[in-house]
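4 protein chains.
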Amino acid sequence: MIFVLRPDATEAQIEHLLGRIRELGLTPHISRGVERTIIGAIGDERVLREQPLDAIPGVEEVLPILKPYKLASREFRHENTIIHVNKISIGGVKIQIAAGPCSVETSEQIITTAKAVKAAGASILRGGAFKPRTSPYSFQGLGEEGLKLLDEARKETGLPVITEVMDTRDVELVERYADMFQVGARNMQNFNLLKEIGMSKKPVLLKRGLSATLEETLMSAEYIMSKGNYNVILCERGIRTFEKWTRNTLDLCAVPILKHHSHLPVFVDPSHGVGVWRWV
Amino acid sequence: MIFVLRPDATEAQIEHLLGRIRELGLTPHISRGVERTIIGAIGDERVLREQPLDAIPGVEEVLPILKPYKLASREFRHENTIIHVNKISIGGVKIQIAAGPCSVETSEQIITTAKAVKAAGASILRGGAFKPRTSPYSFQGLGEEGLKLLDEARKETGLPVITEVMDTRDVELVERYADMFQVGARNMQNFNLLKEIGMSKKPVLLKRGLSATLEETLMSAEYIMSKGNYNVILCERGIRTFEKWTRNTLDLCAVPILKHHSHLPVFVDPSHGVGVWRWV
Amino acid sequence: MIFVLRPDATEAQIEHLLGRIRELGLTPHISRGVERTIIGAIGDERVLREQPLDAIPGVEEVLPILKPYKLASREFRHENTIIHVNKISIGGVKIQIAAGPCSVETSEQIITTAKAVKAAGASILRGGAFKPRTSPYSFQGLGEEGLKLLDEARKETGLPVITEVMDTRDVELVERYADMFQVGARNMQNFNLLKEIGMSKKPVLLKRGLSATLEETLMSAEYIMSKGNYNVILCERGIRTFEKWTRNTLDLCAVPILKHHSHLPVFVDPSHGVGVWRWV
Amino acid sequence: MIFVLRPDATEAQIEHLLGRIRELGLTPHISRGVERTIIGAIGDERVLREQPLDAIPGVEEVLPILKPYKLASREFRHENTIIHVNKISIGGVKIQIAAGPCSVETSEQIITTAKAVKAAGASILRGGAFKPRTSPYSFQGLGEEGLKLLDEARKETGLPVITEVMDTRDVELVERYADMFQVGARNMQNFNLLKEIGMSKKPVLLKRGLSATLEETLMSAEYIMSKGNYNVILCERGIRTFEKWTRNTLDLCAVPILKHHSHLPVFVDPSHGVGVWRWV
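Protein chains in written order, with my numbering: chain A, 65 to 344; chain B, 65 to 344; chain C, 65 to 344; chain D, 65 to 344.
Honestly, the hints are just simulated from the structure, not real lab data.
Any given hint could be a false lead.
DEER-style ranges, computed between Cβ atoms [as the list claims (entries may be wrong)]: (1) D:74 x A:156: 29 to 37 angstroms; (2) A:138 x C:152: 35 to 43 angstroms; (3) D:138 x B:95: 58 to 66 angstroms; (4) B:95 x D:219: 35 to 43 angstroms; (5) D:150 x B:143: 45 to 53 angstroms; (6) A:266 x B:184: 35 to 43 angstroms.
Some chain C residues near chain B, calculated using beta-carbon distances under 8 angstroms [claimed, not checked]: (7) 66; (8) 68; (9) 93; (10) 97; (11) 100; (12) 104; (13) 106; (14) 107; (15) 127; (16) 129; (17) 130; (18) 132; (19) 172; (20) 305; (21) 309.
Everything numeric in this text was worked out from a predicted model, so none of it was measured.
No residue lacks a Cβ here, since even glycine has one placed at the ideal position from N, Cα and C.
Bound-form chain A, shown alone (with noise of 0.2 angstroms):
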């Protein structure tokens, strides 16, 4: 951590300063320029992230040097970390891919759909039990009988079946069933619900909130992780702009950075990103 200080921080501030890093644990470096004088804090300064530390008279910036997550980070696992769910293999060599319907409704609907979507290549089946809807007016899934037909379909076709789970006290139902979580992008930051499928082995699709920064994003994966839970697979879906002929903006160069950064495997769900089929 580094403390860049005002240029007109006084001595005494900067013993205060110096002070309180050593309390912090870390052992302080100063350093004096021409224009500003900084002060390199040595240490795993991890723990102090969410402390006030640009309130200290004197200081104009802070500036962290080390990344908040660690078990989720390249130096952490350098190789690429590959996620088994049934026979298929996630982050590997080949690209896998999820399909299904937004909501489960039917046996019928569902069963037609699953087999559907494996004779056109894909290997997962996805469809909504629970769904979160803008409008509590809305459809907001058949629940248990929709997790149910999941079952059925994945009898029916060999397929891994993968659904959203919302709310703490619904992981362990949501976890007889599918083979792998999914997390919503309005629940990303739901920590909670993060430690709770942190708790379980099964995989989880951690999507990308509609304002989460890449790093936030790892964070969410941390949490996951710091439970015991390491199969956690990152999904950029779209961000949030001012642009207003896509539902969302799809961030594709997230792709590459969340790798650099990341040893966890990256899906991409442009169907939220725009509405491809209706333009192309």
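Using the hints provided, position chains B, C and D relative to the given structure of chain A.
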């Protein structure tokens, strides 16, 4: 709901669309212009909001006319809603101020702060017992122990207490101790949490999400109200933008616009908008 | 154009609005629904775009129906536009690649680079003689001297040359040397510059502004085209968002949507979207 | 400037970087921590801002320490700058209000408005003779004729006049008629225009661009000041965000932060932030 047709829409497509509109329980009105034909669909369009109507062949655009929220709208209730918490009124002429620490830490800390808050003229004590933190390695709050300390501070000062609830499983617990629930920005679209709080009668401070539109904020209020709890206070606390000199961009103009569209009280939380105390 | 009336609009207000619509040269069609009355105004609404129609008493919202651009639209010209620069064709089946240094610096630099660019298979040489720099203390480009060096490189390699023009006073000068104009993101709404370039016949690469919607990008193309220069190539190069791990957020989905709405060719400039070469 | 090295940076890479820093005229200070080595570069880093230093092998991140603007900074001038326009002072205790129509249209219109503006207590008359319009088909302003009408209104009321200049070729003309230049949001990074205005002595109202950071706004002020014109007034007028119920999002917190970092006066233009008159 208004359907704008493509310039090359065929008569067969128009007929099909008229049929679909009638099936959905609405009455179509057709109007043929020089460059475009448009079809108005008269009736309650709210339930159709999440139907993929713009995928119907020949349709260029679908323009909704009615607002998707009802109970939260100024049309539903013309006068300002006033919410009573113990002896104070929120939403009337007097501006109420809530203040307190980010986290409840110790008995001494919260009682000293509560007395200072009261002496400074604030009328509500806030303090977090459950804390949503970006990092799993940061302090997550004292939980029930924190709620008990808030209760102590309330007894000592007479100030009503507001505190955040993050998990559907904690709603009952928080309700026992708090005078008002707080829903944080990250949980503004945690719909199950909203429904659970909607079954209580205690007032709720609903914070706008980091990337939530004002319409979506009203839809989240609608979730709570649709379960029977009409005591919702909206809170503008800044949105996420490209600007980095402030933590969030406080959207102050949200206040008159929310008051125009809704009868609910509105709070402003500038503390996340900018570290005002640091700059002024 | 459709006027949605407030639920409490009076008959006098409706009469006044009908009169205003007729004054503006359009024909009103009234349609009374259960919750709202709407009035369609038939005729060419484009000239009314900047009239404050939503300030008319009784009006809740004004919804435009027609697109504000004409010449740039797919309706104006159904087939893809193909633009010829020397021997190459832009907008056809073959993807053309432009490459070169940010700034033209020396004869040796630009000629060496131009040869490398050609050897690598690119078909257009780019290089800046006039540089828009955030800081007045940064190198601002070589000006006409840089244009002469581009001319040398063209003679040496046969590659057509594209370079940025930033000032209405330089359009004639740049036109003498360049095969294509480049309008940078910061000047996308420098309307006088667009008009000046519109009076040339040379092809123009028009970069999307950092906060420009796709509709505004097409409106800037319309500016150039309305002066007679139809040789406009659109360029998606990323928009500004909250994400800071990339310089801009490359909005790749802009490509199919622009092609859907417009007949103009589209380039993609990923170099500003992210330093891809650093990450992959 | 601080260079954070990659954990796997080699000694050869470190040596190379130390050499480069010295070549650039700065003095390197190395500091080896447990997880990262960092190198501080002491000296004037401003000219290095656009060097691709983070592409040097072994470098993970480059953190600038000094602010990129000088003349506009509070460090350069500690007291608030006060700008005199005829008899009024901008930047002092008294708040000055500029008002007037969007476009100057007729003699009667501007004189009637100017009198009303004065009667209402405003001290500056604004009105557009050159109008930046999104559509080439909209009214573009009266040009010099409009400037003459502003001159008439000034003579009639004694109010100083502010008007927009959009083209380097019009700076001299506008200077002859106006008491203050206005640089619109779309031209905030039209650097040639800024330089041209910098050669005048007349005060300039510099509007923040739709997607400009506050730092970039100060850099644009720096452009004008670097040419000798220190009479710059900053103007916060809203930024572009995802929110669509307001035209722009007025970033009111920009005011204290700009005043913290700069000695220049700051105006606020809420008219683009939201149609306040419509909602309240």
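> Going back to the hint list, which numbers does this structure go against?
Replying inline: Checked against the structure, the hints that fail are numbers 4, 6, 18, 19, 21, while the rest are satisfied.
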